[in-house]
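These are the residues of each chain, in order.
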Amino acid sequence: MVTTEPGKLTATCHHERKWKLMRFLLVEDNAQLARAVCERFALDGHAVDHATGLIDASAFVDTTDYNLILLDIMLPDGDGRDFLARHRLAKNKTPVIVLTARSQVSDRITLLDLGADDYVTKPFDFAELEARCRAVLRRQGGAAQNRLEFAGVILDPQEATLIANDNIQNLRNRELRLVEIFFAAPAQIFSKNHLIDRLFSLSEDVSENAIEVYVGRIRKKLAGTRAEIETVRSLGYRLVARP
Amino acid sequence: MTGLLPKGSMQRRLVIQLSLIALLLSLVLFLIVRGMAERAAADTQDNILAASATSIADALFVEGGQVRLELPYSALSMLGTISEDRVFYRVLVDGETLTGYDDLVVKAALAVPNQPEFSTFEYRGEQVRAVVVTRLVGSQSQQALVRTVVAQTRLGLVQISSRITLWAVAIGIVFFFVAAGLSLWAAHSALAPLNRVAGSVTRRGPSDLRAVQTQAPAELVPLITALNSLIARLKSSLTRSEDFIVEAAHRVRTPLATVRTQAEVIHRGLEKSKNKTALREMIRAIDESSRSAGQLLDHAMVNFRADQLQTEALDLRKLTAETVERLSPTAELKDISIIMQDQGGDFGFDGDPIMLQNALRNILDNAIKYSFSESDITVALGRDAHNYIISFADQGRGFAGANLSDHLQRFKRGTNVKDIVGSGLGLTIVDEVARAHGGRVKINNNTDTKGGGACVSLYFPLV
Amino acid sequence: MRVTLFSIGMILSSFHPSFAFEVEDRRLYTAPMPTQTIRVISTADIAAFDPLIRTFQSINQGITVDYTVASSTEVMAAIYEEGAPFDLVISSAMDLQTKLVNDGFAQQYVSSQTAQLPGWAKWQDQLFSFTQEPAALVISDALFAGLEIPKNREQLIDLLRVHPEIFDQRIGTYDVRTSGLGYLFATQDSRNTDSFWRLTEVMGRLNTQLYCCSGAMIDDVYQGRLALAYNVLGSYAENRLAHEPGITIVPMQDYVTVMMRTAFIPQNAQYPDVAGRMIDFLLSKPTQESLAETTGLPPVFDGASDKQKALRPIRLGPGLLVFLDRLKRQAFLRNWENSIRQE
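These protein sequence lines are chains H, E and D, in that order. Start counting at 1 in the first sequence, then tack on 5, and there's your number in the working numbering. Start counting at 1 in the second sequence, then tack on 1003, and there's your number in the working numbering. Start counting at 1 in the third sequence, then tack on 1, and there's your number in the working numbering.
One or more of the hints may lead you astray.
Derived DSS-like pairs (lysine-lysine); straight-line CA-CA distance at most 27 Å [claimed, not checked]:
1) E/Lys1445 x H/Lys197
2) H/Lys197 x E/Lys1275
3) D/Lys152 x E/Lys1110
4) D/Lys329 x E/Lys1110
5) E/Lys1110 x H/Lys197
6) E/Lys1238 x E/Lys1110
7) H/Lys197 x E/Lys1321
8) E/Lys1337 x H/Lys226
9) H/Lys197 x E/Lys1337
10) E/Lys1277 x E/Lys1337
11) E/Lys1321 x H/Lys225
Derived by calculation from the structure, the hints in this document are not laboratory data.
Turn these sequences into a full structure, and let the hints guide you.
Right, dumping it as structure tokens:
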């Protein structure tokens, strides 16, 4: 079990998780941005490889399978679009999200034509980026791989459903992410703040109450199962299995 | 682009000039035909006169030392064959009248027999044409100078002349009309290459910036070359502008992205809510800055494109759907549902897809931004008598402020949105896009649906 | 029809002849309520023209007609030398008429009637022909009894040669020296055939009688003083024959000279418009038809009279001036005199 200690920044980008090995490739020449992005992803538990240019990127892609590629368009040794083209020509199925400073639609069309799955504009909101990654991965398929199970309850992130006792319940976005957080690290205590950070984007004003609302909803949906979200006084919440 | 008012017409000018030339030529032709024909008629009369005088002169003989004349019947009867002119004649031997009209004037200068001499004068109240044939009659020793004058009035000639004039006029008129008709055809045909080139350029699509390749005659080549160089300059200018915007965007946004990301990382690591709040405000400032930058660039882009306005055929429904799909993840983050309402019907439109996407994205983005979690945004596609209507109705806080249309002004924001990052340019951009396409944007607060909220509608004129 | 009797060379008119030229006859046809007068000089005798004048007056009310008759040479002299004031000049001597018009003594007249005239029947819109009259050979039935009637001039010459006893002093023809029409017929004959001079010589040897006028010749044929008259005006003979048998008009088959009686309005006419009306009257259909009956030839309007091959119409034109040439005329008359052997 791996814990992420709040308050401590980790220097390296590679964290291994037992339950899933989401590996991203970030192709970005700007070192500062790349470092920041890696760290940010790491906070959420993703593994990120960093390529500074297309040649590097090609090398990475050749040797490793990635769940997702984050591709900057403007690179020193070439246009990211060429990489896209080659990527698709090679029939590589790894989804690509393009990081671009442009917001013009024509680019979007071109990017999508060339094989990008989506794009985000810099500077991007990580919540949004995450949401897009999620969407892209969902579209990709490989559902079975990502299912999480705990105490007889199955979470299907793809379908956004919670299956228990032959009962299928739909989860809304935030509910899904909240459940995901708990299911990914059962028995771990998550503080309200932490949960707020993870559930809400920084541009939103959120009251502390909001988490309670969502936890309450999850609890309702978990009613009747052995899974339960436990309040740990002045610390936060954690997912436990009732005997 | 204002329509060009034509000043004169090449074709018309050419036709007029050619017609004038034709008129001139017709006139000249008329004069020539008439002149030549009259000359021929006069020559004919002269020839017959000469023949008559000659036949009289031939009938001269000397008998008993006297010059005598056996006036041949044909000499005068032949003069009656072509016209009914009156006839006068006189034969002089050594200056004395042998026979004929004594008072007929003899205008002869030659002393020796040579060509017949012609003259015109008045006799007995009429214009007559006279010929004098001079002969030496008699033996070597006794030669007499005999002058034979035959004269005829010119009334027949006058009649012929008027007939000829009529014919010449007719010929002239026919020639003129034929020439005018041909000149019309020639003008049209000469200008055809111009029309061809104009047509091929007109048929081009609005964003077709290829060089003009049409075959053109030598005179048009300089024009086409200039046109092509203009097109090339325009193309490079456009590219430069676009490149500038791209470059500007990249340079501004990438460092901002770094800062923001780092800020997020730090925020995650902070415990104290005071610190967290401070950092959050910093991040918002960054967001505001980058959003402003983005909006300014978009604004510039929209202005730029509005000036050029190059339209293409597109489908508004498709554009709207794409926008909705693009922003779905963002909406999902806040558990906002986007509901599509489609009235049906064709939504084909001629417009600039980039500008339109920008406008739609701006509106939907705003709607998501100002909506509460778990609320609905309704995107409705419909039409009225004159317009396509795309409306975005949210359940957010709605527009505040006395005058709703103020929101459309640059950098003007509502009084109730101070806590949300916004540039104040979003609706301005939307308004500009709408107007560039001949439409408009309408904003109002939802009074009928439960939950309040705002409604932004785009109106585009029906095709 | 009308009976024509022609009184020879006597002035019957009771008016004072105010003219120097010789007037043969004159009559004043006063209209009941006269408004205008027309003075006509003509070679046609009153008897022949009288019905025409009366018809004219009945159609054109109020016009008094002063009709003077003179021979063709006198008519010529009247106009050419004297400039005598007439409104209409009618003559059978086409050549003299032509010369008068050519030398400027006529004025132009155009009307719808004259416009309908064929080209050969008018000259310069000044001279108008209104009859076609042949020159004829008239023989005495009595004196030709048993004789073969000649069909052409050759046969006529042979006949005269063979029977001098019948024809001596019994041939009549125009004195071409004095008669304008006679001169015209003779000169046209000389153009049309060589046998003219032989005929003239034969006639001369037979002591041919010379006359001034057709009427006298026809009278003498009727009375048996002439066996034949040559180049007589056929119309006169026809008129006489219609009422009185005893002569035969022999159609020559080699050719028949046809003259046209012509009229013009003199330059110094006082009433040219009235004269014009008379011309129109002469050219009008009914007048033409009645004239045709007497001449035996189609009216002028019906086209040239050369439908029958033998007819040889005299053409209007400057050719007619040739024989009026002084020298030419001198020469011709000299030859003619020598041939006809008259002292």
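A quick look at each hint next to the structure:
For the hint pairing lysine 1445 of chain E with lysine 197 of chain H, the CA-to-CA distance comes to about 42 Å; that exceeds 27 Å, so the pair is violated. Straight-line distance between C-alpha atoms of lysine 197 of chain H and lysine 1275 of chain E comes to about 13 Å, which keeps the hinted pair within the 27 Å bound. Note on lysine 152 of chain D and lysine 1110 of chain E: the hinted pairing is violated, with a Cα-Cα distance of about 52 Å set against a maximum of 27 Å. Annotation: proposed proximity of lysine 329 of chain D to lysine 1110 of chain E holds, straight-line Cα distance about 25 Å (limit 27 Å).
Proposed proximity of lysine 1110 of chain E and lysine 197 of chain H is contradicted: the alpha carbons are some 143 Å apart, above 27 Å. Annotation: proposed proximity of lysine 1238 of chain E to lysine 1110 of chain E is violated, straight-line Cα distance about 89 Å (limit 27 Å). For the given pair, lysine 197 of chain H sits about 42 Å from lysine 1321 of chain E by alpha-carbon distance, which is inconsistent with the 27 Å threshold. Between lysine 1337 of chain E and lysine 226 of chain H the alpha-carbon distance is near 20 Å, which keeps this suggested pair within the 27 Å criterion.
The straight-line distance between the Cα atoms of lysine 197 of chain H and lysine 1337 of chain E is roughly 18 Å, inside the 27 Å bound, and the hint therefore holds. Taken as a hint, the lysine 1277 of chain E and lysine 1337 of chain E pair is honoured in the structure, with Cα atoms around 24 Å apart against an allowance of 27 Å. As the CA atoms of lysine 1321 of chain E and lysine 225 of chain H are separated by approximately 40 Å, the hinted pair breaks the 27 Å bound.
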